[in-house]
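A.B. asks: With our numbering applied, the sequence shown corresponds to residues 1 to 321, in that order.
Since the hints were made in silico from the structure, they are not lab data. Treat each hint with caution, since some may be false.
Cut-off 25 Å, straight-line C-alpha distance, at most; resulting in silico cross-link-like pairs (BS3-like, lysine-lysine) [as the list claims (entries may be wrong)]:
hint : residue 1 : residue 2
1    : 202       : 230
2    : 216       : 189
3    : 202       : 260
4    : 209       : 196
5    : 228       : 216
6    : 173       : 216
7    : 260       : 196
8    : 189       : 202
9    : 196       : 230
10   : 196       : 185
11   : 108       : 228
12   : 276       : 286
13   : 230       : 181
14   : 181       : 196
15   : 173       : 202
16   : 108       : 174
17   : 181       : 228
18   : 189       : 108
19   : 189       : 209
20   : 174       : 230
21   : 202       : 276
22   : 185       : 202
23   : 202       : 228
24   : 185       : 174
25   : 181       : 202
26   : 228       : 209
27   : 185       : 209
28   : 173       : 260
29   : 286       : 230
30   : 276       : 230
31   : 216       : 196
32   : 202       : 216
33   : 189       : 174
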Amino acid sequence: MTYALNAACLGECFSIPCEVVDKHLNSAPFKAISILLYIFRNRLQAINVQDISKALFLNETVVQQALDYWVQNAILTVVQQPGASVLQPVADAAQPIQTQPHYVPQPKPSAQEILQLTANDPDLRYLLANAPTVLGRLLTSSDTSTLVWLYHYAGMSSDIILMVIEFCAAIGKKNMRFIEKQALKWVEKGIDSHEKAENYIKQAMAFSKYEALVQKAFGIYNRSFTPKEKEYIHTWFETFGFDIQMVTAAYERTVDRTGKVSFPYMHSILTSWHQKGYRTPADTQKEAPPPKKNAGNRQASYDLEAFDDLALFNRPSKDRT
Numbered sequence: 001m002t003y004a005l006n007a008a009c010l011g012e013c014f015s016i017p018c019e020v021v022d023k024h025l026n027s028a029p030f031k032a033i034s035i036l037l038y039i040f041r042n043r044l045q046a047i048n049v050q051d052i053s054k055a056l057f058l059n060e061t062v063v064q065q066a067l068d069y070w071v072q073n074a075i076l077t078v079v080q081q082p083g084a085s086v087l088q089p090v091a092d093a094a095q096p097i098q099t100q101p102h103y104v105p106q107p108k109p110s111a112q113e114i115l116q117l118t119a120n121d122p123d124l125r126y127l128l129a130n131a132p133t134v135l136g137r138l139l140t141s142s143d144t145s146t147l148v149w150l151y152h153y154a155g156m157s158s159d160i161i162l163m164v165i166e167f168c169a170a171i172g173k174k175n176m177r178f179i180e181k182q183a184l185k186w187v188e189k190g191i192d193s194h195e196k197a198e199n200y201i202k203q204a205m206a207f208s209k210y211e212a213l214v215q216k217a218f219g220i221y222n223r224s225f226t227p228k229e230k231e232y233i234h235t236w237f238e239t240f241g242f243d244i245q246m247v248t249a250a251y252e253r254t255v256d257r258t259g260k261v262s263f264p265y266m267h268s269i270l271t272s273w274h275q276k277g278y279r280t281p282a283d284t285q286k287e288a289p290p291p292k293k294n295a296g297n298r299q300a301s302y303d304l305e306a307f308d309d310l311a312l313f314n315r316p317s318k319d320r321t
């Protein structure tokens, strides 16, 4: 089967440099071709990042990245006008755009807008057709609006959005609000390819496993870990390379000495063990424990929490009686 242009649609046309197709069709950033087509179509007008963002329902960050690409490849130039920077197609090199990318809140598309957007966009139709299979349920009108918004406004490709949904479903978070937050996190982190997405998912799943192991070992089921606690956990497993047995040993020593769960205290212990090259709980028995606190002295001259800063437990001391 072969195809030809429909002559009836050629009444009003605009030209595109052959260089765009010959050199950039497969290498330009996501949505960059669409953005360039919009600029050439409106080439007689002064166009800025905000105009393109609103017209194409795209995140300004995505627009800015695309414009920087075209400027660097001498397809666009920046024309400075009072109070604004505007864009024009050119044939010579130009300076990079200086506008800082940022998010601008935009309303979710309506049902009528979704129909218009999907009419001639097979990638968007593919996304909406496959999302229910990944989620294991039908999409609500709100779900559909959010996915279309992520595709057009946030500038995410359909396959990357589906990977976000798959990741969220794998960790039991199928709520569209959570999916949206996770998707925007990917945008902020620059996750725009299968390789980047797979690496992120692999790391995130590992972190989730670490947190689950610690939660079970510490018996913490009534709350989530704080960001700082998560940072400690990830350091113990990823940076120090410890297993749950070593973390549990530090936990038990912390509770013995302080009578409570203290993540900073555990971190001091594990940092010391890492520096000393200890790899198993048996290795930690090489160091002598600090002396017991005098039970008859209720007004001790030191605070156990000071161990975090002074690391007194690393110094040789008398054996327990």
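A.B. asks: Assess, step by step, whether the Cα of residue 181 is no farther than 25 Å from the Cα of residue 228, and give holds or violated.
C.D. replies: Measuring from Cα to Cα gives roughly 20 Å; hence the hint holds.
A.B. asks: Given the proposed pairing of residue 202 with residue 228, does the C-alpha separation stay at or below 25 Å?
C.D. replies: holds (21 Å)
A.B. asks: Quickly compare the C-alpha distance for residue 185 and residue 202 to 25 Å and report which way the hint goes.
C.D. replies: holds (16 Å)
A.B. asks: Holds or violated: residue 228 and residue 209, Cα atoms, limit 25 Å.
C.D. replies: holds (17 Å)
A.B. asks: Is the hinted pair residue 108 and residue 228 satisfied, with a Cα-Cα distance of at most 25 Å?
C.D. replies: Distance ~34 Å between residue 108 and residue 228 Cα, so the pair is violated.
A.B. asks: Would the pair residue 260 and residue 196 pass a check requiring their Cα atoms to be no farther apart than 25 Å?
C.D. replies: Violated - the C-alpha atoms of residue 196 and residue 260 are around 40 Å apart, more than 25 Å.
A.B. asks: Would you check the hint for residue 216 and residue 189, treating anything up to 25 Å between C-alpha atoms as holding?
C.D. replies: violated (30 Å)
A.B. asks: Against the 25 Å threshold, does the CA-CA distance of residue 202 and residue 216 hold or violate the hint?
C.D. replies: Answer holds: residue 202 to residue 216 is near 21 Å, not above 25 Å.
A.B. asks: Are the Cα positions of residue 189 and residue 209 separated by 25 Å at most?
C.D. replies: holds (22 Å)
A.B. asks: Measure nothing beyond the straight line between the CA atoms of residue 202 and residue 230; if it is 25 Å or shorter, mark the hint as holding.
C.D. replies: holds (17 Å)
A.B. asks: Given the hinted pair residue 185 and residue 174, is their alpha-carbon gap at most 25 Å?
C.D. replies: holds (16 Å)
A.B. asks: Need the status of pair residue 173, residue 260: alpha-carbon distance at most 25 Å?
C.D. replies: Given that 25 Å is the threshold and the Cα spacing comes to 32 Å, the pair is violated.
Violation of the numbered hints given earlier is confined to hints 2, 3, 7, 11, 21, 28, 29 and 31; the remaining hints are satisfied by the structure.
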